[in-house]
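A.B. asks: With chain A fixed as given, assemble chain B onto it according to the hints.
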Amino acid sequence: MKSFISTSELVDGGLIFLGIIIEAFPFVILGVLISGFIRVYINPKRLMRLLPKNPLLGCMAGSTIGFFFPVCECGNIPVARRLIAQGAPLHVVITFLLSAPVFNPIVIVSTAVAFRTLPIIVVLRVVISIVIALIVGLLFSRVKKTDEWTQAEQIHKQESDHTACFHHIDGIDKFFSNAISEFFEMMRYLVGGAFIAAAIQVIVPRQILSGLGKGTISSILSMMLLGLVVSICSTVDAFFAVSYSGQFSPLAILAFLIFGPMVDIKSLLMMRTLFKTKTIVLISLLSASLTFLSILILHVYLNLSF
Amino acid sequence: MTRFLDFIALLGLALLTSFLSGTDQIGLLINPRYEILVSFGSACLIMGALWTLFRGKSIRRDRSHVTSAILILFVLVFSTQIPLRSLSSETALNRGVESRVPTIDELKFTEALNTPSKERTLTEWVRILTQHPDPRIFFGQKVVLEGMVAKLPSLPENTLMLSRFVVACCIADARPLALLVTVPNTEEWENSDWIRVSGTIESGEFEGKQRGFVSAENIQIIDEPKNPYEYEY
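As you go down the protein sequences, you meet chains A and B in turn. Here this note's numbering runs 18 ahead of the position in the first sequence, where the first position is 1. Here this note's numbering runs 314 ahead of the position in the second sequence, where the first position is 1.
Chain A on its own, in the form it takes in the complex (with noise of 0.2 Å):
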């Protein structure tokens, strides 16, 4: 922690703030045209029906879907909104959210070129991941009552009221009021993400942070709490991480290729419009011990160095 801290890092943190704010916003407006598109022109009842009943079939249909949607947390999150609301399962929903971060083209390529000496990282990053949100999602297949984990209750609230003075709800008209309306719900918690994301980087030089990390155990657990406070977007993360390879093993590094696109601060806070606190805690309680897990495991079986 600092005890001083001066004026130029005020403003930096004022920058920084408005830097994630700037490069995430897009990706909020792509999630949200996304989900307006699905509510207004996607039949719900023909689009659960073509999920398969089977829980595990289930989540690799959410992983599977998320492939198709490289567009960062900040817009699988609307889109994963709109899942809930059409009524999609728990546990769909859940592993689409922790696997669409990494199982797309676009982070497939970028991590292997920044890891261009070290293929397997690619691999590993993928794999893991997908498993990880598999298990994550299985164990939320358990789950009876849906509604009480998630938001479904008030974001069906919010919609009847929106369009409650609509007369004539033509399509386009729609379209608008459900991307706007979610544009806000969104940004809210963007703006507050970003303020956090900004005065923790700030107020914990992030050299502490890397710095805590020498040992095996540490040094896992010193970059998954990078992969939590650096905000970064998965689709370039890899090039974050890579600069790392001077200091950490590569496993060390692949803890925060995998925990980082599933949970940060940005993208708790804007859990936060899909699920109830308790779903979000559990969700990442349980992907930092598996994603800690399975370093762990790898550890023990793989011998990797740049």
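Hints should not be assumed to be uniformly reliable.
Derived DSS-like pairs: lysine-lysine, alpha-carbon spacing no greater than 25 Å straight-line [to be verified]:
{"hint": "1", "chain 1": "B", "residue 1": "523", "chain 2": "A", "residue 2": "232"}
{"hint": "2", "chain 1": "B", "residue 1": "371", "chain 2": "A", "residue 2": "192"}
{"hint": "3", "chain 1": "A", "residue 1": "175", "chain 2": "B", "residue 2": "371"}
{"hint": "4", "chain 1": "B", "residue 1": "540", "chain 2": "B", "residue 2": "432"}
These aren't lab readings, by the way, just hints derived from the structure by calculation.
C.D. replies: Just chain B now, kept in the frame of chain A:
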């Protein structure tokens, strides 16, 4: 009346991003490769703003919606009050700039070295000196480098760090790269000063390791460049 709040929020955000793009300052906040996405976002915001103005009368807006609009307005006002500039050296120091100083023992993959030595940028030199198997072949080469001064008490006497940030996505992830520069008198320079250093690469020691230093022959204070950052891709 809250639809006017929405209208101003949406339009305002679009205007802010257009202003940043238009004045070529967007690179101070995000990687310019994202500019297309940002422009797309602005276009959507403008359409949304127009829809709100002409057709958005009947939407019932609850308190959370209004809070959100107010937060966006806060961001807009905030952006007008904050000076748009490069991140400071204090942040570079926070982000561990001294650990980015190239060491001769580190063996990384080799980069292609096409540029003549005097035209290489600071970050190119950092990459060369960190990643080339035998950086000693570069000793004696002349350099002209521009970067930010970063001072640290633990540095050898008459040494300061010359650094620049590399940005992947947005400045939240900006990481500093630096070279050690030997100067006649470190008192002349303050943190976050931008300087142009002409000098020679030579060997020196820092934290027990052999490093590539720049021995400065000529130093000029310069204005902060329009593009202070390097981008990962």
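A.B. asks: Can you list which hints this structure breaks, lowest number first?
C.D. replies: The structure breaks none of the hints.
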